[in-house]
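Student: This is what each chain is made of:
2 protein chains.
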Amino acid sequence: MVGQLGVIGCGLMGGSFALALREAGQVRRIVGHSRARATAERARALGVIDEVADSPDEAARGSDLVLLAVPVAATGAVLATLRDALDPQALCMDVGSTKRDVVEAAAAALGDRVRQFVPAHPIAGAERAGVDHAHAGLYRDRLVVLTPDAGHDPARVQRARSLWERVGARVQQMDPNSHDRVFAVVSHLPHLLAYAFYDSIASRPDGAALLDLAGPGFRDFTRIAAGEPAMWRDILLANREEVLRQAAAFRVALDSLEALLAKGDAAALHARLATIAQGRGGWHMRGAGNAGD
Amino acid sequence: MVGQLGVIGCGLMGGSFALALREAGQVRRIVGHSRARATAERARALGVIDEVADSPDEAARGSDLVLLAVPVAATGAVLATLRDALDPQALCMDVGSTKRDVVEAAAAALGDRVRQFVPAHPIAGAERAGVDHAHAGLYRDRLVVLTPDAGHDPARVQRARSLWERVGARVQQMDPNSHDRVFAVVSHLPHLLAYAFYDSIASRPDGAALLDLAGPGFRDFTRIAAGEPAMWRDILLANREEVLRQAAAFRVALDSLEALLAKGDAAALHARLATIAQGRGGWHMRGAGNAGD
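Taken in sequence, the protein lines are chains A and B.
Heads up: the first sequence begins at -18 in my numbering, then just goes up one per residue.
Heads up: the second sequence begins at -18 in my numbering, then just goes up one per residue.
These are calculated hints, taken from the structure and not from any lab test.
Careful, some of the hints might be misleading.
It does not matter which identical chain is used: a pair holds within one copy or between any two.
What the hints assert, rightly or not - For lysine to aspartate or glutamate, the following DMTMM-like pairs were computed, each having C-alpha atoms within a straight-line distance of at most 25 Å:
no., residue 1, residue 2
1, K244, D38
2, K244, D82
3, K244, D134
4, K244, D156
5, K244, E223
6, K244, D65
7, K244, E222
8, K244, D68
9, K244, E32
Remember, predicted model here, so these are calculated numbers, not experimental data.
Chain A extracted, bound-state conformation (with noise of 0.2 Å):
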C-alpha cells in the first residue's frame, strides 16, 4: 500500500496510473503537480489527484512514491529540484520512452539518491494525450520495461515490478541501451515516419481535400502522428543516432519494394507481400488477449 502518491506531470500517462493505483486499492492519498497549474486543477476537479502541489519538491515531500510524467529531457532538471524533499525510503519512478538518457541525467540529478530510482517505461498510449483521456485501464495487459543498472537498489526495483504488476502491467527487465535500440525500430522509427507520412500530405496545397478523402487504413497508419510534440521531440532527440540508424534501414525495405514496383515484377512482388501480410496477420501484441489487438 502508497500511504502518498506524488505524480508530477499530471497529463495521460501520470494522470492514468494515479487512477489505476487508485482502483487497486494501493494507494491512500495522491498529490500532483504539473508545470501549468490548471492541468493539475483538472486533475483535481477529475478525482484523479486529491491534491494539487505548487512545485516538483512540493509533490515528492511526504509521498513514499514518486511517478515522474514529463518529457524525458526534462527528468534531470525536476528530480534535481525534488531530491532534497524525497523521503529516504521513497521510490521514485519515471515513465519515459527513453532509458539511456534517464538513467544518465538520473545519475547527474540524485547522486547517491539514485538508489531511489527505477527507470521505466510503460508500453502505452491512445490517441488522445491528457488528463481528460487518463483512465485506471491504460496500463493493463501492456508490457513496462525496467532498465535498472548496477546502480539501482534491488529492492526497489523488485517493489517498482510490484506496482506495475498491480495496475495490471506486465514487467520486463533490460538494459537501457538495449531498451534504446529496441523501442528506435518498434516504437520512435514508426512516430517519425507517421509524422512525416502526414507532413507529406498536409503541407500540400489541395491537402486539406486529400484529407477529406482518406479512409480507416490512414487513420490507423496516421494515429500516432497526433502523439504529444514536446514528448516526442525529445524522445526523437534522446535517442536520434539509432533512429537515424533504424530509418535508414527502413529505406532499404523501401527500395526494394520500390524496384519491384517499377520493374513491374508481379510475381515477386506478391511473394513479398504475402510473407509481410502473413507475418503481420498472425503477429500479436503481447498481453492483448483478443484478436482486435
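Model the placement of chain B on the given structure of chain A, informed by the hints.
Tutor: Just chain B now, kept in the frame of chain A:
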C-alpha cells in the same frame, strides 16, 4: 429491391455487401462465386449467400445486380467471362481500389455493354480479410467513390448511388484519374510504407524478439501491412506511377525531419511536430461520428 444479387468474389468486401444489402431488406436472393469453391461454400454456410455458382457467368445469369469483388487485375478477365450472361437490364459494379485500370478493362471486356457497368470504390476495410470477417456494417458511414465516365449510363450511376446509400455509405463521384491520384496518396502509399516498415523489422535476425516488444502504436501503424497480398499487389502495380511519385514526396518530408534530428534542432523539430500533431489531432474521418475514429 434487388431480385437477385450475384457476388463474384465472396471475401470481406463482397460478403459484407451481401450481408448489408440483406440486412437493409433490399435483396431477395444472393448467388455467389469464388475462384476457390470452398470460399463460396463457406459463404453459404455462414448465410452470406444463398447459393453457390460454379462460374462468374453462372453468378451473373439472372442477376439484376452483379458485384465484382476480385483483385483489380482480374477485372477484365472476369467481365469478359460474364459479358454474355449479363441480363440487359442488370447493373454491374466493382469494388476495386484503383479505377483507371478498371475503367479501361471494363471498356475492353464489355464493349457496348460497358453502359451496364459502374466503377465503384468503397473506402472500407478491416484488419482481417476473408468471408469469416464479413459483416453488414462494413460500409456504414464509409465513403464510396463512383468513377463513371462518358461511356457509362447515368440511370445506372444513380441506381448504384442509391444502393450504396442503402447499405449506409456516403457516395461521391470523381473521374478515374483524379481518383487514382488521390488514393495513391491517402491509401496506396501508406500500405506500401507499412509493408516496407514491417518487412524491415521482420527480416532482421532479431526480428522476432523486437516484434515481441512492440506496443499499441506499432499495432495501429502496421495494421494495413496485413492487407491481402494479391489485392495489394494489383493495386500497387495498377497505380505504380502515382504511388512511386508519392513515395518520392514522402521521402522529401522524411529527409526534412531527419535533417532536424541530425542537427539536434529542438525548437524547429518541436514546431514541426506541433503543427503535424495538431493537424492529425483535429482530423476526423469523414462520416465517422465518434472521436475514437
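Student: Would you mind marking each hint as holding or not holding in the structure?
Tutor: Cross-check of the supplied hints:
| no. | hint | result |
| --- | --- | --- |
| 1 | K244 <-> D38 | neither (62 Å within a copy, 34 Å between copies) |
| 2 | K244 <-> D82 | between (44 Å within a copy, 18 Å between copies) |
| 3 | K244 <-> D134 | neither (58 Å within a copy, 37 Å between copies) |
| 4 | K244 <-> D156 | neither (44 Å within a copy, 27 Å between copies) |
| 5 | K244 <-> E223 | between (32 Å within a copy, 14 Å between copies) |
| 6 | K244 <-> D65 | neither (65 Å within a copy, 36 Å between copies) |
| 7 | K244 <-> E222 | between (33 Å within a copy, 11 Å between copies) |
| 8 | K244 <-> D68 | neither (66 Å within a copy, 40 Å between copies) |
| 9 | K244 <-> E32 | neither (64 Å within a copy, 41 Å between copies) |
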